Every structure is written in C-alpha cells, then in structure tokens.
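Participant: What follows is each chain in one-letter form.
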Amino acid sequence: MTEHRKRDLNLLWLQSGGCGGCTLSLLCAESPDVLTALEAAGIRLLWHPSISEASGDEFRSLLEQVSTGEIALDILCLEGAVVRGPGGTGRFHMLAGTGQPMMEWIGKLARQAEYVVAVGSCAAYGGITAGGSNPSDACGLQYVGTGKTGLLGEAFRARSTMPVVNIAGCPTHPNWVTETLMQLASGQLAEKDLDPLGRPRSYADHLVHHGCPRNEFYEFKASAEKPSDLGCMMEHMGCLGTQAHADCNTRLWNGEGSCLRGGYACINCTAPGFEEPGHSFSETPTIAGIPIGLPTDMPKAWFVALASLSKAATPKRLKENAVSDHIRVSPGNRPRKRS
Amino acid sequence: MSRRIVGPFNRVEGDLEVHLDISDARVQDAWVVSPLYRGFEQILHGKDPRDAMVYTPRICGICSVSQSVAAAMALADAQGLAMPANGELAVNLILANENVADHLTHFYLFFMPDFARGVYADEPWHSQVTGRFRAVSGTAARQVLPARADFMHLMGLLAGKWPHSLAIQPGGTTRSIEVQEQMRISGILFAFRRFLESTLFGDTLEAVLALDSFEALHAWAARYPWEHSDFCRFLHLADALNLDQLGRGSDTFMSYGVYSGRDGHLFGQGVWQADARSVLDPGLIREDLSHSWMAHRKDPKHPYDGVTVPDADACNGYTWCKAPRLDGRVVEVGALARQVVDGQPLIRDLVRRSGGNVRNRVVARLLEIARVVVAMEGWGRELTPGEPCCNHASIPEEATGCGMIEAARGSLGHWLKIRNGRILNYQIIAPTTWNFSPRDARGTPGSLEQALIGAPVRNGEKDPVAVQHIVRSFDPCMVCTVH
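Top to bottom, those sequences are chains A and B.
The first sequence begins at 1 in our numbering and counts up by one.
The second sequence begins at 1 in our numbering and counts up by one.
Because the hints were derived from the structure by calculation, they are not lab data.
The structure displayed is predicted, hence computed values, not measured ones.
Every residue gets a Cβ at the ideal spot worked out from N, C-alpha and C, and that includes glycine.
Don't take each hint at face value.
On the chain A side, residues computed to face chain B include the following (Cβ under 8 Å) [unchecked claim]:
{"#": "1", "residue": "C19"}
{"#": "2", "residue": "G21"}
{"#": "3", "residue": "S25"}
{"#": "4", "residue": "V34"}
{"#": "5", "residue": "L35"}
{"#": "6", "residue": "I51"}
{"#": "7", "residue": "S55"}
{"#": "8", "residue": "P86"}
{"#": "9", "residue": "I128"}
{"#": "10", "residue": "G132"}
{"#": "11", "residue": "P135"}
{"#": "12", "residue": "C170"}
{"#": "13", "residue": "G257"}
{"#": "14", "residue": "R261"}
{"#": "15", "residue": "I267"}
Looking at chain A on its own, in the form it has when it is part of the complex:
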C-alpha cells in the first residue's frame, strides 16, 4: 500500500459508441454499492453521465478545465467505442453542446490523465459496435481487435506510464470495475498486473470454465443439443467457456447467475473480436465432429483421446439429463456397507 494520499483521486467517466450497459451493470454492485466503493477507495467522481448533477454548460466548463490541466485528472474512464466515422471525421458522435467530435475530446483528455481505463469490450477493442461491416468505424482506445491500432495507438502511455487498462467484458462485471479502480487508487495496479491484452489479471487469469456448474457433463462429453438442455454446451451450442478469460462462474452475477447458470453459452465477451466469431454464436463449428475451438492450452490429440474415452464411459444419468431441461435421473446412493 502506498503512503496516505493528501487528496481524493478525480475520476471522469465518458461514454461514446456503446450501450451504457457497463454503467448499468456497475449500478448492480453489491457489498458495497458503487458509490460506497468509490468513497472507500478515495475516488471523487468529477462527472459521470448517469449519476452526476452537472449538465450542459456546467459540464462543458468542467471539461475545459480538465483538458487544460486546471483540474487534475487522475482516472479517465471511457465506456463505449471510439467512433471515427464517417471518413475519419468522428461526426457519428459529436459531443452534445460542444460542436466537436467525441474522439477529439477523448484524445485530448487521455493526454491529461494519470490512468486511462477502457470500461467494457467496446472501449477496449471496438466490441459489438465494431461488428458486421463496422458502419461507424468504431475502435478501442488502444486496440482494434488484437492490434494496437486504436485511437491512442501502440506507443500511448498515460501520465503514470501505464498503458490503457482494458476492463473488457460485455458488459463488465461490477466488481471488475470497482476492484480495478480500487487497485489503481491504492497504487496496487502495475503493468505486470495486466495480461497481454491489457486486461486486469485479477479476473482475466481465470477461465469461465472454472466453476461451471456443467463441469460433470463436460467431463463425460454429455452435451446439450438445444436451448434449455442441461448438458455441456461446448460440443454443439457454441460455448467458449473453456477459452474465455473471466471469473464469471466463480464470482457470479446478480446474486447467483452467470451465462452458463442461465442456461446459455459463453460467447467469450472479454476477448477482442468476440463480436465476429465467423459463425453463428449459438453453434459450435466442427471439423470431422471435433470442435474447432478446443480448451485453452489443451493439445488436440489429448482432447480427442479423452473425449472418446469419456464418451464411452458416460453414465446413463448424464446422458439423459444432458438433453433434458430438468433432472430426469437422480444421482444414485451407494448402499452402506454393513460391518
């Protein structure tokens, strides 16, 4: 822990080419709520589009003062992609009341900030906004997909010398955001704490597969075939949980949820380019019956051998339950040995 700071850290939060869902998710933060978490971290909200009072002129003069350095900017958070179109003009998002493209404001402010944080996959890598033909020419703060050709580019460093912190996710889990901000505020986030795609390792060193309630089905390759089936969704239903970097099944969402617990596939929303998987999200592409995307770090031959072995050994319980929407066959009880 660094020495006690003399003043609170100033945080400015902007939104551009996105849906606002990371903020709405953040408002679901619990133990404590987001306002309490920021207070605990010693972070003062200069402005946030959903919860601050200042509007219009009050906000524009704040923005001027921050961009000239008159007010210190410790943390700049951007939610939503940077919108560059049409034709590189940024006119697809002119910041209201300013007559200037939002991308220019973002560039100006990023140069004043101690730390620059991309909240959500759009701000990090382009995300959904960059899907399809990318009509708005959306990009991330530092990245476009996996390349560092975003608005700020490869060489960018914030004043602290840190690159952009990419809290990727669509949306972000509230605690990924609060915990990363708390780490920043307490001086406990260094470059080594980010993974090669700029994501905080606190959550990105885990896989969605960890703690998946369908693990037993996975082990025996007892697979779901249609929505609402209970089986593993890797083989047919497009699930990328074995490759996706996030702790969704150990941390849980909205109390006790996760995509897998909700009965649908992980679409790897913390990864660059997740918005264009190259096939339908709800189907697993296969070659000769073998899923193309194998679990992270697993040799293919080993996976194939294991899969055929476990398929041969699948208990009736898992085989039947995998294609049912309710438990049809209960786990057995071994009779106790009498002494």
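Following the hints, position chain B against chain A.
Facilitator: What follows is chain B alone, placed relative to chain A:
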C-alpha cells in the same frame, strides 16, 4: 429571439443536444438532436437470424431485455413458434424486472436530483429535498442502489445476468425452473415490496392502486406530512412547481401492449386521443427521414421496407434519429401512454384534466411499478416447476416477422426479413425514437419538440431547469433512439 444550444444532457441514457429559440422568457421552438450513430441495422445485415439475440440486446444497456424480447418475438413470428406457459411467465418476470428497475433508476437517479439544484435554493423544501435526492451524496441513492441490486437477483436466477442475457429465446427461456427457484422468486419479490411500501410509497401497493382519481390521490397525500415517503415528496414538489403545467406533448398516446398471458396482454394495445381509445394498426407506421441525417429519403417507409443508410450531409438533416409517425400522427409513448391506453382510472383522470405533462409522466411510472410488482407476484405463483420453459423450431429460409412490445420507456418494435436463411433487413423503432423524433416532411415537430414549447426560462439560466425537467420526464434512452 435567441438561439441556444443545450447539452450534453446527462442522466439520460446516452448523449443528447437540444436547440432552443427563446424569447419573452419562454421557449418558442425546439429541435432535438441525437448526436450518436452506431449502425446496428447495418451490422445485422447478412447475419444468421439467431445472432440477433446476441446483437440486439447490446443496442442498449438499460433496455437490454426489452430488446431481447422484441427480437425473440420477431424470430418466433418468423418461425411460427409459441412459448410454453412457463416460458411466457419467465419472460414476463424477466422483462418486468428490467422495466421496474428502470423506473426506479429513472426516478431516484435521473429525475429527482434536478430538484436539488441551486436554482431552487430559496424554496422552503430545498434543504430537505437536497439531503434526500442530491446526485451522488443524497440519502435516497444509498438506499435505492442496494434495494435495486437485491431485486435484480431475479435476473441472476432467471436470466443468468443483466444486462445482455441470452436466456430469452424465440421459444421461451433457457433456464428451467424448479420449486426452489419459485421459492426464491417469491422471497425476492416480498423483500422488494417491503422497500416500495416503506420507502417509495409509504403505504401498501394495494392502497396506492386503489387511488382512482385526482381527488383520491390528493386526499391520500393530504393524510401525511409531505416528507412521509418519496412519492409524497414528489407530489409536494409537483404542486409547488406546477409540474402538471409543464411539458405538454402531442396528447396522442400509443401502446403496443405488453406482458402476454392466457387472456391477452396485462397492459392492452391501442391509441388514446381526445378521450377515446382506438385500435392500433401497425401497418400504418412509417418512418419519415426528411430531417434526419439519412439517405434514401423518398416516401416514408414501413419498417419492413425501411432503409438505414447514414448521410451526415443530408439536406435539412439535424439528427441521426428518424421520425416515426402513426398514420402521419406524432404520438407519445411510455408509462403514461401505456396506462392511459390500458384504462388505469387514476391515469385516465389525470390525462383528462391536464394531458401529458411532467407530473403525469412521473406519477404513471410510479403507479406502474406498483401494478407490475403485484402482477409479478402472480406470475411467480403460476409457474409450474418441472414443466418446460422452451419450445424449439428451426429458422426458415424465407420469412418475415415482427416483435412489438413495451419497454420501460414505451413502444419498441423489431421488423425482420429473412432470405436464404440470413437477415435481409432488420429495422428497429425504439421508444425514444418516437418521443424524440425530429420534424417530419410536413414540418410537424416530434413529441419532445412540442413539449418544450412554452417552457419558462429564468433570468440568466444557461440550461433552463424547466427544460431539464421536461426532457427527463420522458426518461429518454438515446442509445436506443438511434442504435
């Protein structure tokens, strides 16, 4: 006459700019600008139709489930697929969870903090209201955030997470329901009811729902000191500031109807104008592009045939928002429209007396919270553990489908054309597209543009507080508006 550009407005979802002509201390004319374009309709072109379930909720982080439900209904319509009873009940619960949470977020975090502004410092109620509702530091936010988060455990339970769930599918939901889920639902709703009754209303939901006229509402509020509950606080402010005379719109109200069940919609479909309800014909919806930054503007088109091609230099364009019209009419959508169309007695009486205005829009939203939570309790009881939640069908090679529902902010429609098994055209009209639309080819301003005319401007005000109340009374969602 002076022209003023006001923005950005915060505490609306997304970015918003408004241009005002001001003279004689009143707004004389207004132009509403939606300054962000992302292009979802272009992104969806050529995709596998099922992938709409991934893309469309991400149009909006606050109406995410509403977008999912509209997309699922459009696909189901194309597939000829119906949901099993459990699926329908679960979808109702998930959608209601979002809509009620949105109303709560709007009231506490987006709308009420404006009354804590310095411009009201001399009002006798100001210090009380500031302590309660001031942005970030008020006591209300500290109370409502945990209550909202607890209530949204329903999402964790039924939809995996919020926003951006894939639990809602054309044939129902992916999360099967056992008896333990049913018990949890009833517990979560019980706790949320307690919050509403103790903090928001200061009375039972049933007592609030029994208020059937302006007189009854007035008499009810008079029984308590004005600080009795947050609803009482709002009614007091509405009286003190004449919020019933602020922000009168087109006074034509539309609702697509929502929350389906055995006996049709919980809130019915229709149009309310001049004290009469008429049948809604969705075939009469057209999107006018004459003042939008859009190409291909000839002949306003029905959304099945709609075209979305941005053109930043389009002549007379001043917003990315299109101008939807119903048979050429400007309509207002939202909780007020939904409740007046449905025939809720208190809201019918309020609209009869003073039309659409800031007070009535807020009262309708709070009243709807009570109505929907009572309905949710019923849906929770009707679930049959062990019964299926999802039906299945394949995607046809050629088909059309539409999904029309009510999101928190009003009527939301998705129109879909499938050719060769891929999306040929996907057009979306969101609630705030209706409310914040620009002028049409006849020069008729949109709902908010009409509602802003006549708004008072105080001496020296740069961002007139009355304008802010009016804008936020619609609970705008700008990211949905243009998408």
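Participant: Look at each hint and say if it fits the structure.
Facilitator: Each hint, compared with the structure:
Satisfaction of the interface hint for C19 (chain A) is found here, the shortest Cβ-Cβ separation to chain B being roughly 4 Å, below the 8 Å cut-off. The criterion of a C-beta within 8 Å of any C-beta in chain B is met by G21 (chain A), whose closest approach is roughly 2 Å, and the hint holds. Contact between S25 (chain A) and chain B, as hinted, is supported at the beta carbon level, the nearest pair being about 6 Å apart and thus within 8 Å. Annotation: interface hint on V34 (chain A) holds; nearest CB of chain B at approximately 7 Å, less than 8 Å.
Given the 8 Å rule on beta carbons, the hint for L35 (chain A) holds: about 6 Å separates it from the nearest Cβ of chain B. Against a cut-off of 8 Å between C-beta atoms, the interface hint on I51 (chain A) holds, since the closest Cβ of chain B lies about 6 Å away. The interface hint given for S55 (chain A) is met, as the beta carbon of that residue sits about 5 Å from the closest beta carbon of chain B, less than 8 Å. A distance limit of 8 Å between C-beta atoms decides the matter here; for P86 (chain A) the minimum to chain B is near 6 Å, and the interface restraint holds.
At about 4 Å, the closest approach between the beta carbon of I128 (chain A) and any beta carbon in chain B falls short of 8 Å, and the interface hint on this residue holds. About 3 Å separates the beta-carbon of G132 (chain A) from the nearest beta-carbon of chain B, less than 8 Å, and the hint is met. Against a cut-off of 8 Å between C-beta atoms, the interface hint on P135 (chain A) holds, since the closest Cβ of chain B lies about 3 Å away. Checking C170 (chain A) against chain B: minimum C-beta separation of about 6 Å stays under 8 Å; hint holds.
Nearest Cβ of chain B to the Cβ of G257 (chain A): about 3 Å, under the 8 Å cut. The hint holds. Annotation: interface hint on R261 (chain A) holds; nearest CB of chain B at approximately 6 Å, less than 8 Å. The restraint placing I267 (chain A) at the interface with chain B holds, with a minimum CB-CB distance near 6 Å, inside the 8 Å limit.
When held up to the earlier numbered hints, the structure conflicts with none and fits them all.
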